[in-house]
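Engineer: Sequence:
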Amino acid sequence: DDGPRPTDPAPEYELVPIRFVVTDLPGEVDVRELKAEMAKVLRRVLTDLAKGQKDLKVTAIEENILKSPRNDEDDSDANDEKRVVYYDVSTLRHPHKEFGPIIILGLRDSYGEIIEYFEHYEDMKYFGYGVDFYWCIDNEDEQSWAKCSMLSKTVTDDFRLANLPRRLDVEKLMRQMKLIYRALFDGIERLDILDVEEEVVNVSSDGGWNHTRDVIFDIRVAEKYGMSSFVPAVEEVLQRPTTRNNILDGIQTYTDAETDLTLDWFINSEGAYAVRQEPEPEPKQPFVFPTWAIITLAASGAVLLCCIVCCIMIRIRIQ
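The opening position of the sequence shown corresponds to residue -9 in our numbering, with each subsequent residue numbered one higher.
Treat the hints loosely; a few may be bogus.
Stated by the list, open to error - Beta-carbon label-pair distances, calculated as ranges:
| hint | residue 1 | residue 2 | range |
| --- | --- | --- | --- |
| 1 | Arg34 | Pro222 | 33 to 43 Å |
| 2 | Glu161 | Glu18 | 37 to 47 Å |
| 3 | Ser100 | Leu158 | 42 to 52 Å |
| 4 | Asp254 | Ala292 | 52 to 62 Å |
What the hints assert, rightly or not - In silico EDC-like cross-links for lysine to aspartate or glutamate, where the CA-CA straight-line distance does not exceed 16 Å:
| hint | residue 1 | residue 2 |
| --- | --- | --- |
| 5 | Lys72 | Asp176 |
| 6 | Lys72 | Asp20 |
| 7 | Lys168 | Glu189 |
| 8 | Lys162 | Glu188 |
| 9 | Lys72 | Glu18 |
| 10 | Lys57 | Asp78 |
| 11 | Lys47 | Glu2 |
| 12 | Lys143 | Glu187 |
| 13 | Lys72 | Glu23 |
| 14 | Lys168 | Asp239 |
| 15 | Lys30 | Glu52 |
| 16 | Lys47 | Glu4 |
| 17 | Lys47 | Glu88 |
| 18 | Lys168 | Asp182 |
| 19 | Lys72 | Asp182 |
It should be emphasised that the hints constitute simulated quantities derived from the structure, not laboratory data.
A virtual CB, placed ideally from N, CA and C, is assigned to each residue, including glycine.
Let's have the full structure, built from the sequences with the hints guiding it.
Structural biologist: Structural data, given as structure tokens:
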């Protein structure tokens, strides 16, 4: 018995979407020639991988032109040293195996050998001169390219957000903070941040201003073949005295530009990124006439009344 059978007939082929990232390129790149080399690399690697996997049968490797940029102007992922191309790898479907994770695991385990092979490959303009690269598969559940072939290490940083108003969209703020963190490391040459993952440790709120959130960021740093680890450089940036102020400035700039809230951010005595609370105005007390004044007015009124009565009596007697 080979296990449960699907009730509905499955398609004959499984499609594995792959994101192919090439970094550390020279200043001028012939994109068409680079893509041809990328396809050659991917075909060679998948052919070798299929030889060691009994049930893996690769039937086609095609660029996904809907995802891949057609030229540099359309490439939002492109910069002077990096290019991204998307491929669809078609394999014969197996009833009990998913080949996406198998492919990425195989690529990751043979990463060093792949680099060495293409550095000595004569007919390669770009891959023979120290470029770096990695593949990721599309994780449809999380809408991200999280399962990557490149080896990585994680650097952890934790922080607290305090005194958050209820009207602030904290989820949008967290997405912006991930961008702020990535920008901190722009000065580290050849560094690739694969991902910044968020873990919310604690959230507390009394329904008003006393809303805090304790967060851990796991910063996944790519480890490159033949190079020292980037972890010490990333940790050094996080430990700089100016880094927390840079993060604070980034938060302040974001809330000023992207929200309709007037918030004054500062680092409080506990080290949290906090919103300065405006002192609440004292409630207005209703005016109460002083007791002594009431007694004085009453007495004065009685005296005045007596005087009036006396005057009236005197006039009556005179008449």
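Engineer: Now look at each hint and say whether the structure bears it out.
Structural biologist: Outcome of the hint check:
| no. | hint | verdict |
| --- | --- | --- |
| 1 | Arg34 x Pro222: 33 to 43 Å | holds, 34 Å |
| 2 | Glu161 x Glu18: 37 to 47 Å | holds, 41 Å |
| 3 | Ser100 x Leu158: 42 to 52 Å | holds, 47 Å |
| 4 | Asp254 x Ala292: 52 to 62 Å | holds, 59 Å |
| 5 | Lys72 x Asp176 | holds, 14 Å |
| 6 | Lys72 x Asp20 | holds, 12 Å |
| 7 | Lys168 x Glu189 | holds, 12 Å |
| 8 | Lys162 x Glu188 | holds, 13 Å |
| 9 | Lys72 x Glu18 | holds, 11 Å |
| 10 | Lys57 x Asp78 | holds, 10 Å |
| 11 | Lys47 x Glu2 | holds, 12 Å |
| 12 | Lys143 x Glu187 | holds, 13 Å |
| 13 | Lys72 x Glu23 | holds, 15 Å |
| 14 | Lys168 x Asp239 | holds, 14 Å |
| 15 | Lys30 x Glu52 | holds, 11 Å |
| 16 | Lys47 x Glu4 | holds, 10 Å |
| 17 | Lys47 x Glu88 | holds, 12 Å |
| 18 | Lys168 x Asp182 | holds, 14 Å |
| 19 | Lys72 x Asp182 | holds, 10 Å |
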